[in-house]
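J.: In case you want the letters, here they are:
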Amino acid sequence: MRLSKKALAVLITAAMITSAMTACSSSSSSADASSASSSSTAGSSTADGATADGDRIIAAAKEGKVGNWGLGNEYEIFALLTKYGQENKFISQAFDMDGFDDGSITLASAMTYNELGLVKNSYEGGYKYGDKVGIIDMNDEGVAMLEDNLFCTKEFAKKNPNTVKAFIAASMKGWKYACENPEEAAKIVYEAGSSVSSDHQAYMASEVKKLCETDTKGNKVTDYGKMDEAAMQQTLDLAKKYIKLDDSTAADKLKSLTLDDIRSTSYWEDAMKESFDKPEKTDVSIQLKWLPQAQFMGYFVANAKGYYKDVGLNVNIVSGGGDIGETTAVNNGTVDFGVTWVSNLISANAGGMDLLEIAQVYQRSGLVLVYKK
Amino acid sequence: MSVRSNSKRKNAVQSAILPLAFGAVLVTAWQTGLLHKLLNTDEYVLPYPTRILTIIGENSDKIMENVWASLEVALLGLVFGSILGYLIAVFAAAFTKIGSGSLTIISSFNAIPIVALAPVIINWTKDVSPEAEVRSTVAKVVIVTIVCMASMSVNAYRGLTELPAFSQDLMKTYGAGRITEFAKLRLPNSVPYIFTALRVSVPVSIISALVSEYFAEYVIGVGRQIRENILIAQYSTAWAYIIVACVIGIAMYVLLIAAEALVLKKRR
Chain A
1 MRLSKKALAV LITAAMITSA MTACSSSSSS ADASSASSSS TAGSSTADGA
51 TADGDRIIAA AKEGKVGNWG LGNEYEIFAL LTKYGQENKF ISQAFDMDGF
101 DDGSITLASA MTYNELGLVK NSYEGGYKYG DKVGIIDMND EGVAMLEDNL
151 FCTKEFAKKN PNTVKAFIAA SMKGWKYACE NPEEAAKIVY EAGSSVSSDH
201 QAYMASEVKK LCETDTKGNK VTDYGKMDEA AMQQTLDLAK KYIKLDDSTA
251 ADKLKSLTLD DIRSTSYWED AMKESFDKPE KTDVSIQLKW LPQAQFMGYF
301 VANAKGYYKD VGLNVNIVSG GGDIGETTAV NNGTVDFGVT WVSNLISANA
351 GGMDLLEIAQ VYQRSGLVLV YKK
Chain B
1 MSVRSNSKRK NAVQSAILPL AFGAVLVTAW QTGLLHKLLN TDEYVLPYPT
51 RILTIIGENS DKIMENVWAS LEVALLGLVF GSILGYLIAV FAAAFTKIGS
101 GSLTIISSFN AIPIVALAPV IINWTKDVSP EAEVRSTVAK VVIVTIVCMA
151 SMSVNAYRGL TELPAFSQDL MKTYGAGRIT EFAKLRLPNS VPYIFTALRV
201 SVPVSIISAL VSEYFAEYVI GVGRQIRENI LIAQYSTAWA YIIVACVIGI
251 AMYVLLIAAE ALVLKKRR
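So the sequence lines, in the order shown, correspond to chains A and B.
Going by my numbering, 149 is the number at position 149 of the first sequence; the sequence numbering is gapless.
Going by my numbering, 4 is the number at position 4 of the second sequence; the sequence numbering is gapless.
There may be inaccurate statements among the hints.
[What the hints assert, rightly or not] Some chain B residues near chain A, calculated using beta-carbon distances under 10 Å:
hint, residue
1, L76
2, Y218
3, Q234
Quick caveat, the hints were computed from the structure, so don't treat them as lab data.
Where a beta carbon is used, it is the ideal one built from N, C-alpha and C, also for glycine.
Chain A extracted, bound-state conformation (with noise of 0.2 Å):
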């Protein structure tokens, strides 16, 4: 089986080099000879909203067309796999949605706030789907697990107790004041050097104020930043099936994690009481896990209404993306605080770094997977 594939590749291979060869060499263009390889695009997805899910899920895992990023995004979609009996194997998906676009990805990943507003909307990058496209939600799956946050070293914390609550508070005061004005604070992120355009700014805006507001019950959360016993106890259980790590060593330490290795809920507890006393670091700075957009917008709100200057607080907020790793950066110490997902906090301190969530702003999985209807 394996054999016949790589004779296939190389035979594929050779035969798309001759015909392009032979596509120059003739003065055709080469346009004819890529469509003359395109042959068929398997016509099997007749679409019908009674298929289950389950079957959906199924049926793309046995066609090898479910897809992911990979790179520490991939565990939900094992969970996932493995509810329905299937191997843990994905397609890597680009960062567009030109996989799903094409039919090469029958189940693509999406973020609720970010590809599956490209894949529906109509405005600029967008996919205009609209209601052609149905999801399936980790949170209602069963195999949610946390993903953004707020954390820093250990040491930092311990050092500079007072920065990390005056920190906290303001950041939460931001995130509550985004998400009560998701319009503002999606224009708020536009102006402070934005990666997307303002329409797809203010529907991120829109879809992030529900992961900060609902937890993956479907209840509605009050208290912005709280770290729900219950779902991080899934993420971490979830994290430990799923992380494969090949170093040994990391694989024993993430064996053994407990919630009290990864987060302290004493910090967020005091920020929200407003007890802490003057900030002992005054100029810090916060590390994104991926460019300026409004999955963070509760950070560019409290800076542009002022509620870190009013705790005391000078900070600078550090774009991600592409391959800054943001679990790194702070662990090094270029950057005093850092948002990541809770499972790449849990391999970072698996592989030997001390790094502590000291808030969870997203209280349910944005991870859901596309299909076209």
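Here the structure of chain A is known, so what remains is to put chain B in place on it, guided by the hints.
T.: Here is chain B on its own, set in the frame of chain A:
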């Protein structure tokens, strides 16, 4: 004669000892933490050699699976690219008027960064197979092929056209046709140039294979493993794959140098 070969051997020994000694010093500094102080980094981002070697030992099966996947892509691309590059050079040498111009275009392929080329090729090859594994392999091989093709065509063209003085006149006085001239004069003359091209394209084939894995749909390969592990902050494992990548590169280069010595020695 014997003096000459003696000094040659001395040279060879010297050229082996120095890098080895430097390597030994480097590894010692690395293991003792001196290197970390010099580079102002920690043992987290730059793990100790012993830890890296342990990981390589513990995961040899998985590592070999990834090595074969990367090696397969690099070698296939190298072979396809070199053959294609040589054929283009032959074509260019036969029709010099169009040839030299088209070579300029092809050599400009070398200037395209792989990170820009990879997504385009992956899109282009999307329909070749319903199996992600197959179409990803095809895409990666095509990327390596394009990159390797450029250096071969430019060098081989020089080998096919920059002939020893009067050799062409000599062929003409013998009444040799174009085919004979190619087989007896141009082809042998181009052999050293082929190796010059390979000295560039062998390392490049490995690098482009590793980078193209970043973008491929099917998740496999040494390059992909390096990126995955760095992003989930598993630097020790990432370093294990980095060391493996270095070993592949050095091994292929040594093989090439050995082959070159063998082939070119026979010619003399």
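J.: Next step is simple, just say for each hint if it's right about the structure.
T.: Evaluation of the provided hints:
With a least beta-carbon distance of about 6 Å to chain A, the hint placing B:L76 at the interface is held under the 10 Å criterion. For B:Y218, the interface hint holds, since its Cβ comes within 10 Å of a Cβ in chain A; the closest pair sits about 7 Å apart. Proximity of B:Q234 to chain A holds as hinted, the smallest CB-CB distance being about 5 Å (cut-off 10 Å).
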